[in-house]
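Protein chains in written order, with the numbering used here: chain A, 1 to 158; chain B, 1 to 763; chain C, 1 to 91.
No lab work stands behind these hints: they were computed from the structure.
Source: prediction; values computed, not measured.
Take these hints with a grain of salt, some might be off.
[Said to hold, decoys possible] In the SDA-like style, the derived pairs of lysine to any residue whose C-alpha atoms are separated by at most 20 Å in a straight line are:
1. B:K196 with B:M409
2. B:K181 with C:K25
3. B:K423 with C:E44
4. B:K181 with C:G5
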Amino acid sequence: MAKHHIEATVNGDAVEFLCETEETLLDVLRDTLHLTGSKEGCGSGDCGACSVTLDGRLVCSCLVLGCEVGGHRIETIEGMAKGEALHPLQQRFLENAALQCGICTPGFLVASKALLEKKPDPTETEIRYWLAGNLCRCTGYDKIVSAVMDVAAAMRKG
Amino acid sequence: MAEAATNGTNGQSYVGTRTIRPDGVDKVTGRARFGADFNLPGQLIGRVLRSPHPHARIVSIDTSRAEALPGVKAVITRDDFGDQPSEFVPAGEMMMNYKDVVRNVMAREKALYEGHPVAAVAATSAAIARHALKLIDVTYEVLPHVIDVVEAMRPDAPLLHDDLFTAGVEPKPDKPSNIAKRVEIVLGDIEAGFAKADVIVEREFKTAPVHQGYIEPHAALATVSEDGSTELWCTTQGHYIVRAHCARLLGLDIGKVRVTATEIGGGFGGKTVVYLEPLAIALSRKARRPVKMVMSREEVFKASGPTSGATVHVKMGATKDGRFVAGFAELKYQAGAFQGSPVQPGVMCAYAPYDMENVKVIGYDVVSNRPKVAAYRAPGAPISEFAVESVVDELAKKLGLDPIELRLMNAAREGTKAAYGPKLGPIGLEETLNAVKKTEHWNTPLRKWQGRGVASGFWFNIGGETCASLTVNEDGTVSLMAGTPDIGGLRASLSMVAADELGVPYDKVRPIIGDTGSLGFNFLTGGSRSAFSGSMALVEAARQIKADLCARACKLWDAKPDQVEFSHGAVRPLGAVAEKAKPMTIADFAKIAGKTGGPIGGYGRINAQGAGPSLGTHLVDLEVDPETGRVTILRYTVAQDAGRALHPAYVEGQFQGGAVQGIGWALNEEYIYGADGKLQNAGFLDYRMPVASDVPMIDAIVVEVANPRHPYGVRGVGETPIVPPLGAIANAMENATGIRFTELPMSPPKVLKALRERGLGRV
Amino acid sequence: MVLIGNLAQVTGGVAEFRLSATSVKQLFQQLAELHPALERHLEEGIAVAIDGQIYQDALLEPIGPDSEVFLLPQIAGGRSSARPHRRIFAR
């Protein structure tokens with residue numbers, strides 16, 4: 001079976017790749033484009049470690065096929081910092097110790113960024129439900145949620 | 001952190017502050033490399049063929065069709081592993097036998113659980129590897145299986161090993177059994193104790209197997225050279241242990257195997273043993289190319305090591321004024337396919353939080369057709385302490401005593417003779433109970449269908465062999481190398497200790513975790529030991545550096561040893577010498593290191609002793625929905641003794657993470673087996689771990705009762721937090737519903753059923 | 001004074017000993033001389049509590065003349081077998 005030839009935009013860069021029909025976007029990101037920041041925790045869309053945005057919409061890249069993204073815009077964890085400047089969420093996660101092993105962190109950062117872009121003023125409950133699609137086994141979520149709340153408050157202050 | 005006066009000459013101390021971890025930036029940008037992020041040019045992809053049967057004799061394996069498939073470069077089976085004689089070795093905080101390890105890694109005579117590896121292939125793509133597995137023909141003779149621990153103990157149960165005879169019973173049995181071992185601790189006279197009791201409570205409890213639930217699946221990348229030198233990258237809690245196991249199983253010299261521990265995405269004890277590593281090495285050796293292997297989530301659930309399911313019988317007696325006078329328990333723990341459940345520590349910890357004169361605890365280690373148990377955070381203790389803490393709560397009710405007061409009355413303290421033997425050194429249980437008593441949480445009123453529960457917990461913690469090095473670079477920065485994988489903040493804590501010991505700024509210390517070729521043996525990250533032991537080894541390394549610099553100063557200043565001293569980041573001249581010499585910092589010496597004797601460094605190599613137990617008390621408020629049986633955690637407080645918190649935020653993180661794992665264990669998590677012995681919920685959808693919307697903020701109170709055996713007073717903290725939640729939540733459930741739940745998890749169907757049986761709740 | 005807890009099963013019920021050992025290594029030697037059946041257990045994974053402090057794999061740790069020593073199962077650790085074991089595979 002011939003591979004698909006796909007052109008898309010990843011983190012603002014034009015990319016071009018070949019992929020098999022059954023390859024997921026996550027496979028393509030990690031194995032073909034060598035962007036290993038998105039992680040495979042389950043392969044079935046239950047853990048959120050592979051979270052990316054597709055045309056600004058938060059998705060599990062393990063549930064998107066590589067051959068589906070032709071002409072679309074993908075943002076991954078690798079595109080979150082701007083040059084040497086970390087995104088406020090990244091900085092706050094570090095300051096709040098909102099990560100322990102760090103495997104879920106890219107997914108949480110992508111998901112949190114998507115939330116704050118959609119709703120700059122979330123309550124704690126709204127944050128918890130939005131992030132319910134991202135599993136963390138190390139932190140118990142406390143410091144992650146407080147980091148997102150802190151950034152939301154700081155961004156509102158402008 | 002603002003950089004204080006250079007080189008810490010103002011006495012700035014980092015230990016106890018909330019520094020930013022040195023490995024943090026890579027983790028928030030996706031740059032950090034975890035197990036599956038490593039690749040080598042020309043690598044093959046390895047995949048494992050696993051038994052579909054929970055119990056079967058493997059009659060024959062024919063790999064010829066797989067070997068013939070284009071793209072397949074190697075196939076291995078049991079024939080590629082020599083048998084191992086019986087020998088027990090440490091596996092996390094438990095013991096495992098090499099004879100069993102070789103069989104767990106690759107089945108030999110029998111498949112003993114669904115998911116047991118039977119063969120493995122390495123091919124040029126994952127698709128070809130998966131196809132090759134389908135071409136391997138295995139003939140199984142399916143046998144009856146048994147999973148539940150009580151059923152496995154019956155004399156007519158299907159037998160897993162015909163050479164397993166129950167140890168710990170006299171006379172030695174002549175018939176094989178699924179009961180691998182019987183253990184027991186006895187203190188005082190249990191019958192006399194019960195005779196003194198005014199109140200006795202007796203209960204039986206049941207728990208299901210639960211998985212450590214790390215988000216990162218197992219992964220390994222191996223490359224073997226023609227001279228037998230092997231390099232391995234794997235996600236592990238103990239790369240030296242991986243090296244030892246692989247060398248042993250494959251007949252390699254330990255010195256020829258170099259293992260690098262990648263960043264690890266969670267372990268909690270589940271990554272203290274080998275699964276893929278020996279397979280990847282064996283395939284690479286056969287294929288003469290690097291081989292990369294990663295488990296799927298389904299494989300993680302089916303073929304790595306969840307903890308025991310168990311049945312626990314507890315009987316406790318107390319006098320009417322609340323003194324515990326007798327504690328009995330009988331624990332039956334699943335070991336999985338091979339012996340080695342954590343029943344021994346479970347036995348030892350059951351009554352450990354309390355000062356008791358009369359204790360008898362018996363434990364049984366029982367094999368059954370599910371994956372071999374691996375360690376899970378304080379292995380064995382959450383189960384036995386859940387049962388005892390539940391009964392303590394019932395005693396409190398029967399005696400009309402406050403549950404915290406009852407625990408305070410009986411709390412173990414310094415000098416208490418522990419039920420498992422020795423007298424305890426200083427410990428902080430009372431402090432945690434008092435801390436919880438003072439919280440606003442404890443004093444907040446509740447409504448109908450809401451309940452509050454409290455429970456305490458104990459775990460020993462360990463030390464062990466540890467090597468760490470400090471090297472002063474030419475520019476005065478310090479390179480720190482530790483040998484225990486960093487699972488959640490270790491590099492930050494160790495860097496703070498090194499910075500304080502040497503008096504250098506925190507950001508001038510760069511830590512790495514060395515591979516097995518770079519340091520002497522390190523026991524694994526587990527037992528809550530990495531900060532405790534690592535910091536001890538660093539103190540020794542720093543001591544060597546300070547002594548060396550003082551000696552160099554003596555030569556430079558023509559001074560005697562008692563005329564120089566190291567303090568606040570510099571060697572300082574004393575007395576008369578101070579008139580002609582100025583203090584010299586580490587950076588000053590670094591500039592002239594070569595001229596004064598050579599590079600500056602220290603190497604601490606110790607077997608850390610003196611680990612102190614960490615005790616904790618948890619408080620939980622929850623609400624039960626009588627229509628659905630769903631339990632919502634409203635509020636949660638953890639108070640635990642850390643000895644000395646090197647990095648308070650990461651200590652709090654351990655409390656919070658362990659508490660939430662305990663919440664999952666108590667309310668939702670369980671392995672669900674069908675009658676066919678196959679796992680029905682091998683994925684995160686149906687193996688339901690807590691998500692962010694399931695839990696509130698977890699208030700963490702760090703108590704510090706210094707451990708006198710550690711230079712900074714540190715106690716390990718990582719494991720104790722998972723011990724109290726099960727009991728605390730069961731106790732809260734009783735207060736919310738009037739029902740004493742004795743079976744975990746207390747999931748919605750079970751809660752609803754119990755409510756309806758008692759005519760509570762609504763249909 | 002040495003208490004051996006569970007290991008009394010191997011000594012026919014004798015659980016307490018008064019010995020003059022000055023190190024853990026000596027203690028194990030003396031115990032093994034008194035009860036040869038203990039030797040295997042002492043090698044295989046025993047922790048020692050000296051006056052309440054637990055030690056694992058600490059053969060050279062000193063024991064005072066009035067110390068109370070308690071033998072208990074190892075909680076973990078120590079290194080895996082250092083015994084060399086080679087199998088040559090001709091593949």
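Hints, one by one, checked against the model:
1. A threshold of 20 Å between alpha carbons decides the hint, and for K196 (chain B) with M409 (chain B) the separation of about 17 Å falls inside it, so the pair holds.
2. Restraint check for K181 (chain B) and K25 (chain C): the C-alpha separation of about 27 Å exceeds 20 Å, so the hint is violated.
3. Between the alpha carbons of K423 (chain B) and E44 (chain C) the distance comes to roughly 23 Å, so the proposed pair goes past 20 Å and is violated.
4. In summary, the hint linking K181 (chain B) to G5 (chain C) is supported, as the alpha carbons are separated by about 17 Å, within the 20 Å threshold.
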